[in-house]
Every structure is written in structure tokens, then in C-alpha cells.
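Please take these sequences and the hints and turn them into a complete structure.
Here are the chains, one letter per residue:
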Amino acid sequence: MIFAVGFLAAVAVGILAGMGVGSGGVFLLYLTLIADMEHKMAQGVNLLFFVFALSAAVPVHLTRYRIPGKILGLVLLLGIPGALLGSMLVPYLPVAFLRKTFGVLLVFSGFLTLVRRDSKNDRKGKKKDAESLTNGKETDIM
Amino acid sequence: MKKRKKFGINLLWILPLAFLAGMTNGVLGAGGGIILIFLLAHLLKEREDGAKEAFAVSCAAVLAFSTISCISYTSKGTVTFFDAAPYLLPALIGGLIGALILHRINTVWLRKIFAVLLIYGGIRMIL
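If you read the sequences in order, they're chains A and B. Numbering-wise, the first sequence is residues 1 to 142 according to the working numbering. Numbering-wise, the second sequence is residues 1001 to 1127 according to the working numbering.
Hints are computed from structural coordinates only; laboratory data are not their basis. Because the structure is a prediction, the values reported are computed rather than measured. Beta carbons: idealized from backbone N, C-alpha and C, even for Gly. One or more hints might be untrue.
As the list claims (entries may be wrong) - Below, a list of computed lysine-lysine pairs in the DSSO-like style, where the Cα atoms sit at most 27 Å apart:
no., chain 1, residue 1, chain 2, residue 2
1, B, K1076, A, K70
2, A, K100, B, K1076
3, B, K1076, A, K40
4, B, K1045, B, K1112
5, A, K100, B, K1112
Unchecked claim - Here chain B is said to cover these stretches of chain A; the calculated rule only asks that three of the stretch's residues, wherever they fall, bring their Cβ under 8 Å from a Cβ of chain B:
no., stretch
6, 13-20
7, 25-35
8, 42-48
9, 82-94
10, 102-115
Take a look at the structure:
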């Protein structure tokens, strides 16, 4: 039963991840608050989860949306070293610090999502093409 | 200056925010995409398909950040593949389904509902 609940929860979060609906925080919350997983391990599990979820989702998105290669290149240029540095620091950081920092990030993200306005095209009810992303609105990733 | 105008964005903003997004992803195990999508969407809003490009770049970038972070986490023993094994197949299934149905779903209210959930969960983390 517990396995079934966990499986369904993971599928649901995977769907949200594929849609880009801010699910990274939600799954980490599930792992720590419901599955009662140790926080640093939960972070690692969350990362592995998203590697798999996005590995399935990104190829689909690539067939529909153009990725500006130079912008992606710039993002990866310093983003990857940042990710490497950040992950190397984790063993040396106290769990309480990680939890509170993550909590602040979640509250900030949630607040920004609530106050963010819809796109002008959507408000004006303009015609949307079949390839439009979430009807022209912005989305969150992880 | 010409190169910045050609892209329609201020290049100087991309590098520090990308580093911050990657570092957040590595330190917290999540959150890199939050930073990327909010800031890229703002920076690319003047472009014709700015929102779509921001989404696509964020997806691909977070995948790269998470992969790098995973390698570091597993090499230091913070997590093993077997710890995450029960969740990986549903991740693949869900990720594929989510990507396929994205253009059929209006995610505005879904995002707002999860925003409330994030705020609640964030407060529980802080307290």
C-alpha cells in the first residue's frame, strides 16, 4: 500500500515535472515530510528523480519549442560549475540550514507565482496556435 | 553592445543568474529552475517567443544541473541509486506524460494551487 502511494505520488510529480509546474519543491517536500527521508538523501533522490523525469520530457519539448543555443550555452557555461560547487558543499552544510533555506525559496517561489500576472495575449483572448505553450503563459520548472 | 542587442537581452545578467541557479540546484537539490524560469522569462520577454524559449532553456539547463549534481551526490555517498530506485520508473512515465499533455492543459490554476502548497510546505520547513 505504501509502495503504491509512493509510486502514484511519483508519477503525479513526474507529470508536473514534464509540464514544468514547479514540482521540484513539491517532491522534496513529499520525501522529507511524508516519506520521512533524511533531508540530504532526499535532495539526492529528488535530483535523480528529475534527471529521469526531464530525460523523458526534454526530447518532447525539443520537438515543439526552439531552444536558443547561444542562450542555453551561456546558461550552462556558469550554471554547471555552480551546480558542481553547490553539490560539493552539501556534506559540509548543516541540515537545519538546508531546510530553512529551502523553505525560504519555496515561500518566495510560491508567492511570486501567486502574484504573477497572466500574459497579455491570454488576457486579450488572442487566438492560440496548436503549438503554444500552456496557452501562452509562463511556466515553472522544478 | 551590438551583441547584446542582437540577442535582445543583457548578457551580463545571464552569467550570474545561471551560476546562482546551478548552485541553488546543487546545494538544495531543487530550485534552480525556479530562478532560471523567472529571470529568463523576464529577460526574454521582448523576444517573439520569449516565454517558450525561457521554458525550453530552463528544462534543458535543469536537466544538466541535476545530472552534474547527481554525480557529485552519489560520489560522496549522500545518496545511492538504490535509494531513488522506487521513484525512477514513475519519474520516466510521469515526465513523458506531462510533456505530451502540456499543450492540452491550462496550467495557470494548477500552478497557483501548487504555489499555495509550496508556501505551506516552505513555512513548515522554516519552522
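How the hints compare with the structure:
no. : hint                 : verdict
1   : B:K1076 with A:K70   : violated, 33 Å
2   : A:K100 with B:K1076  : holds, 23 Å
3   : B:K1076 with A:K40   : holds, 11 Å
4   : B:K1045 with B:K1112 : holds, 21 Å
5   : A:K100 with B:K1112  : holds, 22 Å
6   : 13-20                : holds (count 8)
7   : 25-35                : holds (count 7)
8   : 42-48                : holds (count 7)
9   : 82-94                : holds (count 11)
10  : 102-115              : holds (count 13)
Hint 1 from the list above is the single one not met by this structure.
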